[in-house]
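Protein chains: 4
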Amino acid sequence: MKEYCGIFGIYNNPNAAYYTYLGLYALQHRGQESAGIAVTDGNRIDYHRDFGLVFSVFNSERLNSLTGHVAIGHNRYSTSGASDSPDNVQPIVVSYKLGQMAIAHNGNLVNAWELREKLEDEGSIFRGTTDSEVIVHLIVKSKKRRFLERLMDALSKLKGAYSLLVMTNKKLIAIRDPWGFRPLCMGELDGSPVFASETCAFDLIGAKYIRDVEPGEVVLIENGEMKSYRIPAFESAKRSQCIFEFVYFARPDSKIFGRSVYEVRKAFGRKLAKEHPVDADVVIPVPDSGVVPSLGYSQESGIPFELGLIRNHYVGRTFIKPQQKMRDIGVKVKLNPVPELLKGKRVVVIDDSIVRGTTSRKIVRMIREAGAKEVHMRISSPPTKWPCYFGIDTPTKDQLIASTHSVDEICRYIEADSLGYLSIEGMIEAAGGSWEDYCTACFDGNYPVDIPETVVRQAKKE
Amino acid sequence: MKEYCGIFGIYNNPNAAYYTYLGLYALQHRGQESAGIAVTDGNRIDYHRDFGLVFSVFNSERLNSLTGHVAIGHNRYSTSGASDSPDNVQPIVVSYKLGQMAIAHNGNLVNAWELREKLEDEGSIFRGTTDSEVIVHLIVKSKKRRFLERLMDALSKLKGAYSLLVMTNKKLIAIRDPWGFRPLCMGELDGSPVFASETCAFDLIGAKYIRDVEPGEVVLIENGEMKSYRIPAFESAKRSQCIFEFVYFARPDSKIFGRSVYEVRKAFGRKLAKEHPVDADVVIPVPDSGVVPSLGYSQESGIPFELGLIRNHYVGRTFIKPQQKMRDIGVKVKLNPVPELLKGKRVVVIDDSIVRGTTSRKIVRMIREAGAKEVHMRISSPPTKWPCYFGIDTPTKDQLIASTHSVDEICRYIEADSLGYLSIEGMIEAAGGSWEDYCTACFDGNYPVDIPETVVRQAKKE
Amino acid sequence: MKEYCGIFGIYNNPNAAYYTYLGLYALQHRGQESAGIAVTDGNRIDYHRDFGLVFSVFNSERLNSLTGHVAIGHNRYSTSGASDSPDNVQPIVVSYKLGQMAIAHNGNLVNAWELREKLEDEGSIFRGTTDSEVIVHLIVKSKKRRFLERLMDALSKLKGAYSLLVMTNKKLIAIRDPWGFRPLCMGELDGSPVFASETCAFDLIGAKYIRDVEPGEVVLIENGEMKSYRIPAFESAKRSQCIFEFVYFARPDSKIFGRSVYEVRKAFGRKLAKEHPVDADVVIPVPDSGVVPSLGYSQESGIPFELGLIRNHYVGRTFIKPQQKMRDIGVKVKLNPVPELLKGKRVVVIDDSIVRGTTSRKIVRMIREAGAKEVHMRISSPPTKWPCYFGIDTPTKDQLIASTHSVDEICRYIEADSLGYLSIEGMIEAAGGSWEDYCTACFDGNYPVDIPETVVRQAKKE
Amino acid sequence: MKEYCGIFGIYNNPNAAYYTYLGLYALQHRGQESAGIAVTDGNRIDYHRDFGLVFSVFNSERLNSLTGHVAIGHNRYSTSGASDSPDNVQPIVVSYKLGQMAIAHNGNLVNAWELREKLEDEGSIFRGTTDSEVIVHLIVKSKKRRFLERLMDALSKLKGAYSLLVMTNKKLIAIRDPWGFRPLCMGELDGSPVFASETCAFDLIGAKYIRDVEPGEVVLIENGEMKSYRIPAFESAKRSQCIFEFVYFARPDSKIFGRSVYEVRKAFGRKLAKEHPVDADVVIPVPDSGVVPSLGYSQESGIPFELGLIRNHYVGRTFIKPQQKMRDIGVKVKLNPVPELLKGKRVVVIDDSIVRGTTSRKIVRMIREAGAKEVHMRISSPPTKWPCYFGIDTPTKDQLIASTHSVDEICRYIEADSLGYLSIEGMIEAAGGSWEDYCTACFDGNYPVDIPETVVRQAKKE
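Residue numbers (UniProt numbering), protein chains in the order written: chain P, 1 to 462; chain R, 1 to 462; chain C, 1 to 462; chain A, 1 to 462.
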């Protein structure tokens, strides 16, 4: 049910499908389970989508067959272990009374189940299980006549996170939910409007970043003209941009929510060094997300930075687990220490967050076994205590170690010599913003949208 | 024809195939074109091999079907653009008079063509085009009676680079050529002897590193006993370990030729900082091979280190190139700058080597376009002037820019403000050795083995 | 759009999926494009379906994963050249308000477009383009509460041909349209009710034929009880069983519409011999459909029967056509004459029908080139003059040679010495029935259901 | 080890590969396991081959890529249950000292193991396990200088059955062993020489049959010239054409050994009627091989012929067997009776041979269950008592029911009312020849070539 994804769209470009392919390529880190592109030549929508990484889903032949001047694309995130249906692969493309429509969605609705039940009561048949299909049915079922009215009618019913690209034979529409949970950037390539979850997609194709699509904004392009509308009925929604995008998800070379991810992430490290200094010989990151905050920590503290843990970049999703009787391979499949850097040293190791604590414990042990004298764990975000219902794949409350344990207890559990988390205040300050800008629900439980009981229960069962 | 590969072997372990799988996994960086495992239960040799990465070639079912206590494995490197035959995928497994034999080979023979011609004259039929098959035919054709005699007979005819694992129904043999071009390490896991190109394979499976297989050594294990022999007829061969393994190929967390790759590589950076200092604001690496020398350069020079170029780790081999009329994507598919780090800065950028110069030029331009005031390129190895005939995939002499241009000319070509290469002396010193230890032919043309004219010509045609 | 298919269903049998597999196997001649099986264990419906023959769509693993006691299956016919969508492969399986439902449909509705348009107006989203999906949406959209009421509501809106198997988690329902266009037989296997398009499916699994599902009958099985209902609102529908099933489509070892196909088909040949006798030396069939009428013709006339044309049974759908400049391979890919049987002979050649006349001409020429002195063509059905809208894949009127040419003209066109068709009266008499029993619209244009103009136009465009 | 196959070759035709494809298509009945085509343009040999039927192994793209003017092709027969290696798929193509060579072989050598052992002693490495590879190694290992001399050298060592097509970059050679076990026909297409196992391949492509390649003849075509040679050292070999080709294997529309298969097969039926008359109501064949002799029996006896058993032509090799606990499907997967033809009748059922008797028993039972009053089995060949070592896939002696049981005992075993076999004399007379022409070893044990003990033992183990 988690819909953590990357989306890309382009209007009026002869190489629409190819640029979308590139865009998805750059956004691959936001979703590795499936990829898809829908394209229109003004008459009909064609598409290709499948499970797999962008470069395995598409080949030259497939891409060349997607002719048209407008395209949208989607990368989908894989929730661990879910054996998923092809009907959940996006973009969703449907034929209905007004013609064809394609949609690519990043985010998670909190009232999807409620809406779905109502639609099924009225005779709608759903193909898959994604939130996104609810949006499509709402548009198709709307009693309004014109497309924009139908769309607005549908959006006014949605609660939760959605950065959305919608395409008809003639239109491209970019939408960001009233809270602005997920990023959505607008750019321009040789006069063609482009949209992407992160600006790294613009960099690859050589497009210029213009501005973010605003929370609650509907940008509609048709006949070469761009117009901006507001989603009705949510005027008072509080801006709630996901600060976890900075902590972990976004690429460091991207700009989101108007800021450089690299700079924010490094500022997290600097702030962390101030809040939790330690007398040590070397700062090492848990790669890759710990690298940039480690640089910040190192520069602020003056402790030298080294790549003490080397990551195997060929790790695949289909790694075959060892049999019960063999010794645990653990995190070694991904990480291997460089003993020469660690032997006899007092080591600061920096990670972006701790979820269950088991991985952190393995890492601390691994560093110690490589000869470290002391191991000090520093985390570049506050303790994660609450599940996210807006698209980040966090486990339920009872599985989040910080939700049930104090920092001291966690420190003992992971067998570190000391443990320090960045404070919420420090994080927001480092992100250069105010409490008014960000959703920090996973740290403090202040959900900007009411979470229905059914959703909480559903999340527990998964 | 280039045979740059990773090999792994294990003797007398109930999970032989699975540990070999893990070993190849850890050695994936040495070869991504194909993978294979051969295993014996003492009666017959079974195997599976195919094109692709280790994790896509093997699944649980395949791996479980490879039952036996002795196994060898092989990862094969892909020479750019070669459309290759399945008959070249290793391990090579053959049936002949004495039974079955499997062989996994890392390296490149310089007299393979000559030997092959002679074998064909005598009626041998070759399946593929690899050097490795020559070794097999020499063993099968030998007039000697016992296997070890046949093997020695064959080895005494080989010139060039070969780290070799040979398996029969009863034996496992590890061999390193008399010059010791390629690494081959020996370890131990719960009493089982293991062999691998690099120690990172031992780390993953929890094996202990014992020592390197010596240049010219034949380690034979049979009936649980290990014996060591010397390859006859090459007593005077000069030790010629490939120093380029330190520069680029080996994983930083490995130990090869008795030294930590990370430490040697960082020492290259430190030495480079001493040989070619520059007044600058930031040191950035070309990832990934430039990262460790950059840390050395930064620490030696005091100039701060930043990840100014972010690498896309999802780049696949099947990336679809843009059409002619579109703007060049260039290195941006792999690398994206972080403008906030570079704007208005004097930048030192560090790469491991320059081959043709075109990529370096693109990188310099990319950094400048991101706002850098000055761009100083530093290379953590000497100018590459001569092709390698021992397994590294270098182009011919006329395509190596350093072979036909002075450092000043290269600097102008790549449009850098300054350019500095590590000296050969500096490199050897940083590698902690002497001229007696390493092959530096790619830098100075001193080939430790005579290269036949046919091989030189053949290389040019490819 | 043509939905010529084979269907099979079984209730309350531990090997439901496997017997359905066998049933589809026996019905393979009714559809070679795709195959599918849906099965329920009382809680949920699982299914597998794909393009291809039954034995290539299913393997042991797939079949074993389809656990449950009730199953339905479907073979789909391929209309020539149609590149079809996976969304048209049956059984159709949907989730809706009341749970899951699967449906397998043989036949063609004449008011499908009209119904579909109305459903889309009300917000229904269709996946594919088959008639069958209309039935599903009608059931889901019905305002009735109980499933049977919803089903009856839907059926009362359908015009045209449908033999239908519907499955829910608890029920199996077999339905035949009020006209009885397509066959649907009921049998019994070890106490389990079974349904199949033809009895040859019963023979393979060892089931006993009980009776036909009656035109307009709805047989519902639930909780082990079987009940029979009538489709409302069509009491006056004229029985209109497709006589072409006897001529060509059904297997000769089947019983349909209560009669042995072999006997009816042979009676066609006997009657043909009486209506169109000829002085000749040998009777040969166009295999395979001409074989049984040829035996009838031979026995009635006393002219010896021989297999003068040998059929290549390995002909695949993917036969690669020769290039323009090569000589025409024509029907020789399928048929090869035995010259020794034909040289100097007066030959009667019997086929089931003539569509465009081009194949018949090639066959006459082939026989003559093999040395025949005279070639007399006899057809075991009347001239095909009208397109079928109830499921048989006939071309439009202007492409049917008998629609625009007299028998004499056809005879000249196909270059035969004489040509004789079975009369409609003769055919019906041989089929042992009366005008009240059969649809003969393809011969005389008397369509038992009004054909909307849009359908006629649509058929022309295809 | 059984090498029952179809081969085809063509010289000097611009559509060489396509005609070979057609030829293999027509010869598909001789081998369904694998197919392959090798083609040369005068410079190099290219090929494609794989498991599967001809039409699935080749598609347009594959075929078009096989450019050249000379081609040979091969269909391979599947011995029941053998899980085979890709290395056994033909044509075999090798590179050796003189260049490339391709070979397609139909037949079985009796001294293959002996020759192979000797070659392995001398250092040859075999890829697969086919006899055919021995021939290749003998040619490559020959000390002679010119190709024809090498070939003759190799052929002079072979004992057993081989119809052979050999291709080099410049030559096409057709060879039939000195005994002439397997057929090999020569034809002509627009001036291009063509060769095929049976003439049905000529009919499809429109080629003219010229003559058979003679037993012991080597037809070599080079530079547009055709020359004929004799295999040395076997002048006294007795002509021993496989009479079983007429009984079962060849297509009825083919001519082999100079005679029409249809006519010979029908003469078997006529002779059978004379040797074993019976008072009966209907003659029915076991399709397909029983059809033509049944027509002969019917015409000779005056008893009417009917297709009392209908064959399912969609039977695939991958049919999923029912589970233990289900009732036996038996021969019903392939055959279904037409009860209306059999009820209350005295039935003569005709098959080509009886191997183990189990299938015959099932057929007799099936006919009786369909209502027959009497079932008289007639076999259109003599009792099969001896295994074939020349290419027909027969089981070992102890599994051949006629080898251990009298005709009366077999009759009781298969539960027939009477059983009659064609006599050897009758068969030879019907085949229009004399004892001098045919190999009848499977009926009388008179093997024309001595069978080594090892071969007999090997056959038993398989």
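Note that these hints are calculated values from the structure, not bench results. Do not rely on the hints blindly, as some may be mistaken.
For chains that are exact copies, the list does not tell them apart, and a pair is met inside one copy or across any two.
Claimed, not checked - Here are the simulated BS3-like pairs of lysine-lysine, each with C-alpha atoms no more than 25 Å apart in a straight line: (1) K157 x K144; (2) K97 x K171; (3) K208 x K343; (4) K118 x K97; (5) K157 x K332; (6) K397 x K343; (7) K460 x K118; (8) K157 x K141; (9) K141 x K97; (10) K274 x K373; (11) K334 x K157; (12) K97 x K143; (13) K208 x K345; (14) K159 x K143; (15) K208 x K334; (16) K397 x K460; (17) K97 x K157; (18) K227 x K143; (19) K321 x K208; (20) K144 x K118; (21) K208 x K362; (22) K208 x K373; (23) K321 x K159.
So, going through the hints one by one against the coordinates:
no.	hint	verdict
1	K157 x K144	within (14 Å within a copy, 28 Å between copies)
2	K97 x K171	within (16 Å within a copy, 33 Å between copies)
3	K208 x K343	between (47 Å within a copy, 17 Å between copies)
4	K118 x K97	both (20 Å within a copy, 9 Å between copies)
5	K157 x K332	neither (47 Å within a copy, 41 Å between copies)
6	K397 x K343	neither (37 Å within a copy, 43 Å between copies)
7	K460 x K118	within (23 Å within a copy, 41 Å between copies)
8	K157 x K141	both (13 Å within a copy, 22 Å between copies)
9	K141 x K97	both (10 Å within a copy, 16 Å between copies)
10	K274 x K373	within (23 Å within a copy, 31 Å between copies)
11	K334 x K157	neither (43 Å within a copy, 41 Å between copies)
12	K97 x K143	both (12 Å within a copy, 21 Å between copies)
13	K208 x K345	between (46 Å within a copy, 22 Å between copies)
14	K159 x K143	within (20 Å within a copy, 29 Å between copies)
15	K208 x K334	between (36 Å within a copy, 19 Å between copies)
16	K397 x K460	within (9 Å within a copy, 62 Å between copies)
17	K97 x K157	both (21 Å within a copy, 21 Å between copies)
18	K227 x K143	within (23 Å within a copy, 41 Å between copies)
19	K321 x K208	between (44 Å within a copy, 21 Å between copies)
20	K144 x K118	both (18 Å within a copy, 17 Å between copies)
21	K208 x K362	between (43 Å within a copy, 19 Å between copies)
22	K208 x K373	between (49 Å within a copy, 21 Å between copies)
23	K321 x K159	neither (40 Å within a copy, 41 Å between copies)
Checked against the numbered hints given earlier, this structure breaks hints 5, 6, 11, 23; the rest are met.
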